[in-house]
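A.B. asks: Chains as they are written, first to last, in the UniProt record's numbering: chain A, 1 to 282; chain B, 1 to 283.
Since the hints were derived computationally from the structure, they do not count as laboratory data. Among the hints, a few may not be true.
[Unchecked claim] Covered by chain A, per the in silico footprint, the following chain B stretches (three or more residues, Cβ under 8 angstroms):
#1 38 to 46
#2 226 to 235
[Claimed, not checked] Per the computed footprint, the stretches of chain A lying under chain B, defined by three or more beta-carbons under 8 angstroms from a beta-carbon of chain B, are:
#3 15 to 21
#4 107 to 115
#5 256 to 268
Even for Gly, the Cβ is constructed at its ideal location relative to N, Cα and C.
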Amino acid sequence: MSRSLTGGRPGARSRGWLGALPLLAFFALVFGVPAAALAAGAFTAQGRPSLDNLALSLRGGYLTALLGSVKLSAVVALAGAVLGTFLAHAVVTSRFRLLREAVLTASGVLANFGGVPLAFFWIATLGNSGVVSGLVGLPSGSLYTFWGLAVVYLYFSIPLMVLAMAPALDGLRPQWREAAANNGATAWHYWRYVGLPVLAPAMLGGVVLLFGSAFSAYATANAMVGTVVPLVTLKIAAALTGDVLIGYENIALALSLDMIVVAGLVMAIYLPLQRRTSRWLH
Amino acid sequence: MAALTGLEPVAAAPARAPRARVWRGAVFLVAGLYFLVPLGASLWYTLHSPAAGVSFAPYAELLTAEGFARSLLLSLGLAAATIAVVLLLALPAMLAARLFAPRLRPVLEVLCTLPLVVPPITFVAGLATSLRTGTEVLAPTPFWATIIAVQDPGFPVVLVLAYVVLVLPFVYRSLDAGLRTMDVRTLVEAARNLGASWPYVLFRVVVPNLRSALASASFLTLALVLGEYTVASLLGYEPFAVWIVTVSGSRGQLSVAVSILSLLIIWLLLLAVSTVFGRERKS
Numbered sequence: 001m002s003r004s005l006t007g008g009r010p011g012a013r014s015r016g017w018l019g020a021l022p023l024l025a026f027f028a029l030v031f032g033v034p035a036a037a038l039a040a041g042a043f044t045a046q047g048r049p050s051l052d053n054l055a056l057s058l059r060g061g062y063l064t065a066l067l068g069s070v071k072l073s074a075v076v077a078l079a080g081a082v083l084g085t086f087l088a089h090a091v092v093t094s095r096f097r098l099l100r101e102a103v104l105t106a107s108g109v110l111a112n113f114g115g116v117p118l119a120f121f122w123i124a125t126l127g128n129s130g131v132v133s134g135l136v137g138l139p140s141g142s143l144y145t146f147w148g149l150a151v152v153y154l155y156f157s158i159p160l161m162v163l164a165m166a167p168a169l170d171g172l173r174p175q176w177r178e179a180a181a182n183n184g185a186t187a188w189h190y191w192r193y194v195g196l197p198v199l200a201p202a203m204l205g206g207v208v209l210l211f212g213s214a215f216s217a218y219a220t221a222n223a224m225v226g227t228v229v230p231l232v233t234l235k236i237a238a239a240l241t242g243d244v245l246i247g248y249e250n251i252a253l254a255l256s257l258d259m260i261v262v263a264g265l266v267m268a269i270y271l272p273l274q275r276r277t278s279r280w281l282h
Numbered sequence: 001m002a003a004l005t006g007l008e009p010v011a012a013a014p015a016r017a018p019r020a021r022v023w024r025g026a027v028f029l030v031a032g033l034y035f036l037v038p039l040g041a042s043l044w045y046t047l048h049s050p051a052a053g054v055s056f057a058p059y060a061e062l063l064t065a066e067g068f069a070r071s072l073l074l075s076l077g078l079a080a081a082t083i084a085v086v087l088l089l090a091l092p093a094m095l096a097a098r099l100f101a102p103r104l105r106p107v108l109e110v111l112c113t114l115p116l117v118v119p120p121i122t123f124v125a126g127l128a129t130s131l132r133t134g135t136e137v138l139a140p141t142p143f144w145a146t147i148i149a150v151q152d153p154g155f156p157v158v159l160v161l162a163y164v165v166l167v168l169p170f171v172y173r174s175l176d177a178g179l180r181t182m183d184v185r186t187l188v189e190a191a192r193n194l195g196a197s198w199p200y201v202l203f204r205v206v207v208p209n210l211r212s213a214l215a216s217a218s219f220l221t222l223a224l225v226l227g228e229y230t231v232a233s234l235l236g237y238e239p240f241a242v243w244i245v246t247v248s249g250s251r252g253q254l255s256v257a258v259s260i261l262s263l264l265i266i267w268l269l270l271l272a273v274s275t276v277f278g279r280e281r282k283s
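Just need the whole structure built from these sequences, with the hints factored in.
C.D. replies: Following this line, the structure appears as structure tokens:
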């Protein structure tokens, strides 16, 4: 690439930093300051530096909530990944163009449909006075449980997985299948040795994406289960809004730090994979 | 991708085809049930009640409910402000990194993916703490008025700031994908050599080439801001998503009607964006 006019001129580099300066300054103020406040608060108890908050946030009810969130997100991520991949495969190989377009558009809408409206949808359907729960004789309160929450979360997780997998599945060449069949491979052989290895990075990336979105979801759970199912986001909100003793805000900050560590570990798997999958999209 | 479906019967043994079709049909049936039943049930729930029979009353009530217009307008205003701020911050920075300072690119990439690692609720925990401390610390200085003005319930600027951070990863990705499809350096150098000013280059050369990327970034921002509940409710403001909950306490049918409306809004937004895409592809 030529560096003649813009790249090599003296002062060009400083102009580059000038263009980025507003973003950098904004980021330092709006993201950096809260992050620093969070870290400082998490390590402060009764005005002194201490590890008490963190220790407390990993004990008893708080630990149960954190593990509950991790478990729910893992269940949703795995189930959503498997079901979403099946649906994406059915869509990509479908002969009907119209059906294909319709499912992909619907996925775009539903993947962005979450929060409180999603909870109300399911309460109207399978809640205690829901339309369908009366028809199938569902026991009262079954929606407001761990598994009920998982079923609701899949409503945005499966479409998200379809959107993540459709380009990768489109990249599977029919010639690979023909070549495998010519060499005597069965359908199982084809998927085991050709299809899945090619799709693996995209699938793992999708699993992480689903885990992250389920892990940080708060509005849906809050509107649906309140505090029936222990989740870390609900505990943080309870500690923040002060319906517990004063001085517990720092527990909220410590719990937030725990969440960020979990999310950070998961993202550390995702980002390198994302770069690898993008190779298959071209 | 017509080639994929067209070639398949050649590759596959004739006996396999019906089985694949049955399999696909089953997948579509199950998915259709799972995704359409809640939709239909919610619609029925809003239209039918044992006492009144079938009526459209909840929808009529919705449009006249106290706070409906105010909260929706607040959400739309916040979304517009967020889109303007995030694009004005991100686009110059990304262009500058591409044109003048390649070493800036990894820095931007890391900064713009950091918010993905931070769940919104933890971000709001840090934000609430720093706002509280900030108000105390800045009380004797002239900045006190600023930090109070930022939290004005009429138009909470602090929400715009928070939303800009939350959408930054998505906006960065769409713009990055858009910038990849064109040779920015050559375009800008050609325009500059012909005597175009910098604002002219930005708005008449770069932006038109980025139209679809800007459209998808705006759609994602709009969808996120309209549905955002966590940050707004924990900071104590009442845009659309929070108002839905306030209203639902008393009237169940009304809240489901609002939910259907918000699904419709997202669908219309996506439709609008995809028409922009489609028109571009044809021309």
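A.B. asks: Compare the structure with each hint and give your call.
C.D. replies: Checked hints:
no.: 1; hint: 38 to 46; in the structure: holds (count 7)
no.: 2; hint: 226 to 235; in the structure: holds (count 6)
no.: 3; hint: 15 to 21; in the structure: holds (count 6)
no.: 4; hint: 107 to 115; in the structure: holds (count 7)
no.: 5; hint: 256 to 268; in the structure: holds (count 7)
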